[in-house]
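J.: Whole structure, please, built from the sequences with the hints as guidance.
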Amino acid sequence: MAEGIQKYVDEYGLRLTNLCVKLCRSRNDAEDLYQETWLTIIKNFNRYDQSRPFDKWSYSVCVNTYRNLYNRQKRAPLVTDEIEGFGQPSVFDPDQLALREAVAELEEKLKLVVILYYFEDLSLDDVAHILKIPQGTAKSRLFKAREVLKRRIQHD
Amino acid sequence: MTDAELDKKLRKLLGTSETKAFTLDEKILSSPTVRAKPAFSIKKLAMAAACLAVAAIIALPSFFGGGYQCSSTIEMTVREGRGYFVNPWAKHGLYVHDAASGILERISKLSGWIMVDGDNLYYAVKEKQATVIYQINQQGLTEYARIQGHPVIVGVREDTIYWHEQYSQGQQSTTIYITHRQSGEKKEFITVPFAMFYSSALMEDHLVISRVSPGLVAVDLEDAVITVLFEGVAGDFIEYGNSIVFEGSPDDLQGRKLYIVDNNGENLRLLSQHELNSGASSLFGSKVFYFSEGYLDKDRNYHFRTFSLDLETGEQQILIEEMFFTQLIAGEGGLYCLDPGSGGTLYYYDYATGTLSRVVGK
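Chains as they are written, first to last, in this note's numbering: chain R, 1 to 156; chain G, 157 to 518.
Pair by pair, the computed Cβ-Cβ distance ranges are:
#1 ALA246/G with ASN46/R: 50 to 60 Å
#2 ARG52/R with GLY326/G: 25 to 35 Å
#3 VAL381/G with GLU147/R: 53 to 63 Å
#4 THR175/G with ASN44/R: 28 to 38 Å
#5 LYS176/G with LYS139/R: 31 to 41 Å
#6 LYS518/G with ASP125/R: 31 to 41 Å
#7 GLN429/G with SER123/R: 23 to 33 Å
#8 VAL381/G with ARG52/R: 38 to 48 Å
#9 TYR48/R with GLU182/G: 17 to 27 Å
Output of the computed footprint for chain G on chain R, the stretches with three or more beta carbons under 8 Å from beta carbons of chain G:
#10 10 to 17
#11 29 to 35
#12 99 to 105
#13 113 to 126
#14 134 to 145
Keep in mind the hints are simulated off the structure, nothing from the lab.
Note that beta-carbon positions come from the ideal geometry of N, C-alpha and C, so glycine has one too.
T.: Here it is in structure tokens:
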């Protein structure tokens, strides 16, 4: 099992790392999510349909794991050793800064669609499949997200 | 700005940027049956400026001075026709909504979280050195107990507060303590071999915990025997007589549905036909209310639906159509529904009249 998984880790690890970093609030959380995602993949590997692209399936596992772990952290904030000043860009473009803020403030269901759609140029069909929503819903959420982002940036 | 211009900026912002994958813990690769979360060391990786720029997306909105964004849930409970909630639209504080009159008033400036013990309501607030628990009554808030530090309160029962410490990374088990409200004496109550609870609550004879794996467990308060009630993934749950109604799915890959199981793990059965949105379910009396965005009509079009399901008769009804909710809290005369869109709105659905009215929000 370890050998079989290793080749997937080697090939897809960087892409999953990127997705985890984009989804999570901190580097610690992103690494946590990465570990938990691979753990779930290994546990369910015998259910993976090899005719489906592995990357899309792994993104689906990652998003579900993210939702389970982080979407509703209630009264038990994790005590972590967060890196001081994490999130401070050392060089930034003012336009990008405004867009970053705007994306960060999107409601969760819109933010997920935006991150997945622009991350590796996934299609709307892929995004819908990963989030387990109808394609029409993915489309309408992306449309709504764009409208909110445009209004927000233009207002700023 | 055109769509094309926005697209270009978003692609630049969100396109792949890390140069090296995280290292996968050896234990995960070598032991596929490992259930406990392995510890791993955080490595300091060299980050490109683009990576930092992307990582800044994940910072809290307040870091950049952003405006209020409604989260998917608010701290809320309903008792005797009154909804008690921490009001995020008014910079927090505890508010009460009288459903019959529609009057909304603030009963405390403090922000905390609400706990229930039968008919008693409690409100826990963090101060600098301690967590103070107030009892909520008609007169307002009266101090009930005080615990040093900032513990996670599991529940209150008969003048005893059940709590555990905040989680640390790599933690594999959780010790539950009890503190008597008058003596302040702290004692170790039970240690369970799990950490990172999604939710936990005291029920009549058990401490019930939901988490990712195993999903739902009951710890006998007398002999500490642990019973796994549901193997898959479990989320919110509520007590119903000697049973527990909960959101669950067989694994992380599937959506959640409503199940019911006896508190000894027997008679597990599926309740809802549709997948529900996690967190958007509530029980009152013998009725469960839940929201689904996956309702498929005969033409195979998807719709938003809020349902009621009578646990005694099995009858299911559609209450509200085409409104998107992330939280439902049921009470005697109606259902509070949270729509997080556009800054968020809390609604009240009256069972008798079938009308939906705005309580507070944008």
